[in-house]
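A.B. asks: So you can see what is in the structure, the chains are spelled out below.
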Amino acid sequence: MQHAATRVGAAAPVAAGVGTGVETATENAAERAFNQLFDEHYDFVWATLRRLGVSAEAADDEAQKVFLVAARKLADIQPGRERAFLHGASVRIASDARYSSRRRGEIFASLDDASMSAGELAADELLDQKRARELLDQILDTMDLDERSVFALYEIDGLTMIEIADLIGVPQGTVASRLKRAREHFERKLSRLQRGAR
Amino acid sequence: MTSPPRLVGRGGLTRSIIESAKGDQPSREGRERARAAGLAALGAGAATSAALLAGAAKATGKTTAIAVAKWALLAAIPVSVATTSYVVVQGTKSRSTSRALATAEPSLVASTASVASSSPVAELPSLAPEPGSTVAPAPQPVRRAASLEEQITELDAARHALARGDTSILDRYLASNPHGALREQALWLKIKSLEETGRHDQAKVRARELLSSYPRSPNAEAARRILER
Chain D
1 MQHAATRVGA AAPVAAGVGT GVETATENAA ERAFNQLFDE HYDFVWATLR RLGVSAEAAD
61 DEAQKVFLVA ARKLADIQPG RERAFLHGAS VRIASDARYS SRRRGEIFAS LDDASMSAGE
121 LAADELLDQK RARELLDQIL DTMDLDERSV FALYEIDGLT MIEIADLIGV PQGTVASRLK
181 RAREHFERKL SRLQRGAR
Chain P
1 MTSPPRLVGR GGLTRSIIES AKGDQPSREG RERARAAGLA ALGAGAATSA ALLAGAAKAT
61 GKTTAIAVAK WALLAAIPVS VATTSYVVVQ GTKSRSTSRA LATAEPSLVA STASVASSSP
121 VAELPSLAPE PGSTVAPAPQ PVRRAASLEE QITELDAARH ALARGDTSIL DRYLASNPHG
181 ALREQALWLK IKSLEETGRH DQAKVRAREL LSSYPRSPNA EAARRILER
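Which chain is which? The protein sequence lines are D and P, in order.
Just so you know, my numbering puts 85 at position 85 of the first sequence, and the rest follows in order with no gaps.
Just so you know, my numbering puts 119 at position 119 of the second sequence, and the rest follows in order with no gaps.
Some hints could be false.
[Unchecked claim] Label pairs and their calculated CB-CB ranges:
# : chain 1 : residue 1 : chain 2 : residue 2 : range
1 : P       : ALA175    : D       : VAL170    : 41 to 51 Å
2 : D       : GLY169    : P       : PRO5      : 20 to 30 Å
3 : D       : GLY158    : P       : ASP201    : 50 to 60 Å
4 : P       : PRO215    : D       : ARG192    : 51 to 61 Å
[Unchecked claim] Straight-line Cα separation of at most 27 Å, DSS-like style, residue types lysine-lysine; simulated pairs:
# : chain 1 : residue 1 : chain 2 : residue 2
5 : D       : LYS189    : D       : LYS130
6 : P       : LYS22     : D       : LYS180
7 : P       : LYS22     : D       : LYS189
8 : D       : LYS130    : P       : LYS22
9 : P       : LYS204    : P       : LYS192
Honestly, the hints are just simulated from the structure, not real lab data.
Idealized CB from N, CA, C, for every residue including glycine.
Work the whole structure out from these sequences, hints included.
C.D. replies: Have a look at this one:
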């Protein structure tokens with residue numbers, strides 16, 4: 001996965017209207033900037049929300065909230081930091097969605113280790129996609145959100161640790177320690193699955 | 001710093017579980033709905049730009065920035081997401097103009113300091129309705145224009161209520177936000193709700209309204225199909 005290379009000019013849409021006095025041109029420039037941001041990053045935002053625990057059913061609505069925030073803050077997004085901004089917003093939206101869901105008593109995703117009694121699973125077993133996705137959710141839902149985010153970016157999206165540090169705005173050492181803890185957690189839970197939860 | 005080998009390289013069960021996440025795909029409908037909402041909300045971004053430029057103008061004394069800020073703020077008004085309850089007539093700076101600028105400015109000072117580490121949604125309230133809540137369709141005599149956050153909250157609650165067959169929140173939103181930023185979505189929810197409950201004539205009335213007000217809506221094609229039945 002590559003970082004966004006496109007510059008979504010924050011000031012440019014506004015500046016476009018200064019000399020000409022043509023407001024619609026400025027408006028169209030803002031729309032173009034938003035559409036470009038949207039086209040380049042919607043899939044990333046949606047997938048990030050899913051990996052942070054938002055259900056498939058709720059991901060559309062939560063992604064919409066992320067882009068509503070982006071539309072309102074379009075002028076503040078620094079060129080080259082579009083993906084970082086959207087990722088930060090996604091983490092906060094996902095955190096809020098998970099909190100709200102728990103307050104409502106909904107089962108956002110299975111958080112109970114007891115539910116991980118998947119029976120005996122062989123290390124070389126190939127699961128169907130749906131079952132594998134459920135198991136992934138079960139394991140990820142027992143992770144701290146920060147560790148979960150780094151784990152998903154590294155193990156699922158394939159980013160390097162340097163890219164992750166840049167994206168989430170923390171030192172590389174912090175990324176390394178979060179990833180280490182997340183991987184240990186993942187392996188511990190997977191090991192329990194393979195033994196069958198007790 | 002050395003990067004550990006990716007877990008997916010182990011194959012077998014580990015690979016199946018990790019790669020299962022790659023099957024996640026957003027829906028086309030959800031994507032277009034999000035785009036439409038974002039475009040509708042761009043006016044709020046204009047207000048933000050206005051506040052930023054007004055702040056800069058205050059510091060530098062540049063009149064150009066003030067002029068642009070005024071335009072950007074006015075551009076935000078038609079989509080009903082400005083944080084004001086007063087009417088602004090284009091070309092006239094009312095007290096609401098300075099009020100909106102004053103309220104938007106502080107957040108910008110903070111957000112421009114560090115965009116990556118800022119809290120872009122910190123101001124968003126929780127969007128979840130309380131358990132078992134039902135909102136009576138109480139009359140709303142005089143209501144100020146709802147902020148974007150309030151509209152998001154209300155429409156989110158309306159969706160949850162619709163799942164229980166309760167249309168009161170949605171009806172209230174439509175009645176109270178004739179020019180709301182999320183009205184297109186609300187109209188479409190209403191149309192679907194009417195269709196699902198067999199009230200096809202009323203659904204057609206709302207479909208006509210949607211097509212008339214939002215001819216470029218991502219739901220326009222579906223609305224036309226309803227009218228053709």
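A.B. asks: So which of those numbered hints doesn't the model satisfy?
C.D. replies: none
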